[in-house]
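Peer 1: Full structure from sequences and hints, please.
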Amino acid sequence: MTITLEQTIAKQEMTLISRMLRSQTFWVIIAIICACIYLSIASSAFLTPRNLFNITRNFTFTAIIALGMTFVIISGGIDLSVGSTLCLCSMVLGVTMHAGSSLEMGIVYALLAGLAVGAFNGYLVAFLKFPPFVVTLGMLSIARSIATVVSQNQTVFQFGPDHDRLLALGGGSTFGLANPVIYTIILAIITALALRFTRFGRYVFAIGGNEHAATLAGIPVRAVKIAVYCLSGLSAAIAGIIETGWLGAVTTNIGTGMELQVIAAAVIGGASLVGGAGTALGALVGAALLEIIRNSLGLLGINAFWQGTFIGGAILVAVTFERVQQLRSRD
Amino acid sequence: MPVLELDSISKHFGAIQAVNNVSLSIEPGEVVGLMGDNGAGKSTLVKMIAGNFLPSAGQIRIDGQGAHLAHPIAARRHGIEIVHQDLALCNNLTAAANVFLGREARKGVGVLSYLDYPYMYKRAGELFMELKSETRPRDLIKQMSGGQRQAVAIARTMLSKPKVVLMDEPTAAISVRQVAEVLNHIKQLRDQGVAIVLISHRMPDVFTVADRVVVLRRGRKVADRRIADSSPEEVTGLITGAIEQV
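So the protein sequences, as listed, match chains W and X.
Each residue of the first sequence is one higher than the one before, counting from 26 in this note's numbering.
Each residue of the second sequence is one higher than the one before, counting from 30 in this note's numbering.
Please keep in mind that the hints were generated in silico from the structure rather than gathered at the bench.
Don't take each hint at face value.
Said to hold, decoys possible - From the structure, some residues in chain W lie toward chain X, with a derived Cβ separation under 10 Å:
id: 1; residue: 35
id: 2; residue: 230
id: 3; residue: 234
id: 4; residue: 240
id: 5; residue: 243
id: 6; residue: 297
No residue lacks a Cβ here, since even glycine has one placed at the ideal position from N, Cα and C.
Peer 2: Here it is in structure tokens:
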């Protein structure tokens, strides 16, 4: 029987399974499962409800920002300022609530601060064509400095009339799940839907794939770029609010070095730093793997100084995986 | 009635006269090969039709009506589509996503509107059928051959039922076998009544697919010949200046 043109066009090249096997996220999930199985055998402390509760909560701060960062990375950019933005937003929340603001208003101020940082980054990148790396590197320094000025380098641990509500927001739990985990799941679902089913999501991928083509197709490239940095700033603000609620105090050190963890999480989850690829699930999975590595070193009694080596190794393995796929698809 | 008419079009950039008093008219379903050496004014002429810049003098008419093409979107609204030389495709997206790039089909209203994947796959598949191209709407561009990429770029122009399609060197960077494929796409497009301006350096392509050949030299039109009345030798002479004008 001859194959008609119609059948050729309708044919699906890849089945679900073969697509899964090619996805980096899938292999990271496998790695996490293997690690969990090994840890539950090697350490009696791993599978305790207490430890699982801690792991799932600890990974959320990185995961939430990694979701925002995923937009930026897909668009072909990078945001190094997220750690400092988190600090600034936490400080804005802390200082305004300490001065008597309600929890709601404090959250609004913190979100506005994150949005402002993102809009500033995005404007310089989109309109003045500054390299994202340099713009956000500058902002990394600026945001933390402003946070220090705002707080007079004091630790804030009194959050005014709504003190207890803030602590419940970040430190409480619902149905046995830490509250931050619930927020993370909701944000991840929104991110996944936005990336796959909205025109905005499609534009972010198009800009990361071929910015010139996106411009020629009439896509509002500059507006989309500003939007992705705003999302990144907002995600840092949300993480900052939640982390403040969990810690019950804000210092000017909060979020130091976090940008690297967040980028590592996104990259391990399959986002490509050249742009055009990344998923919400990948960001979660990457952040989860980092937390498992951290947790397991503690449980297995390995010196914590080795943590960086293992995390760095995970990043290199992830990049190797991406590289192998590229070479294979070139053949 | 001609679908596209250029009436004594000129364009100068400062002291440089890029296009000088060129007139040209194209009927629906006609393929016109636009030839000339580098710097002869081909790109400038096409960019004026595509709305990239306005002529310094002269008028462009579409379906007999004067058209002011100040922006590529204005040209697109008049039914003029362009296939860029570098194709302007996103390698990380599917064929269907590229066909609909910038004009995504959506369902729902306002904030709740979402991309209509089934429709876009179906419609892209239909366009590839019309082009008789073995291109699958769900495949990523980076997995595709040069000919398939051309099909995607051409299918994109067909989304809006265009009147005129401008093609900038569509066969410059692909293998011999794929050239035949692309020339077939051009014929399919022509058979649907679309007027096509084909910019090409490749003599055989123009003589295979075009009805007429227009030769530019130093911004001036030096020939406008029916393919049947011309020969590659004559056109080469016209391009280089060995033959002054016909």
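Peer 1: Decide, hint by hint, whether the structure agrees.
Peer 2: Quick rundown of the hints versus the structure:
Interface restraint check: residue 35 of chain W against chain X, minimum CB-CB distance 7 Å, threshold 10 Å, status holds. Nearest Cβ of chain X to the Cβ of residue 230 of chain W: about 6 Å, under the 10 Å cut. The hint holds. Here the hint on residue 234 of chain W is kept, as its CB sits about 3 Å from the closest CB of chain X, short of 10 Å. The interface hint given for residue 240 of chain W is met, as the beta carbon of that residue sits about 9 Å from the closest beta carbon of chain X, less than 10 Å.
Proximity of residue 243 of chain W to chain X holds as hinted, the smallest CB-CB distance being about 4 Å (cut-off 10 Å). The interface hint given for residue 297 of chain W is met, as the beta carbon of that residue sits about 9 Å from the closest beta carbon of chain X, less than 10 Å.
The structure meets every hint from the earlier list without exception.
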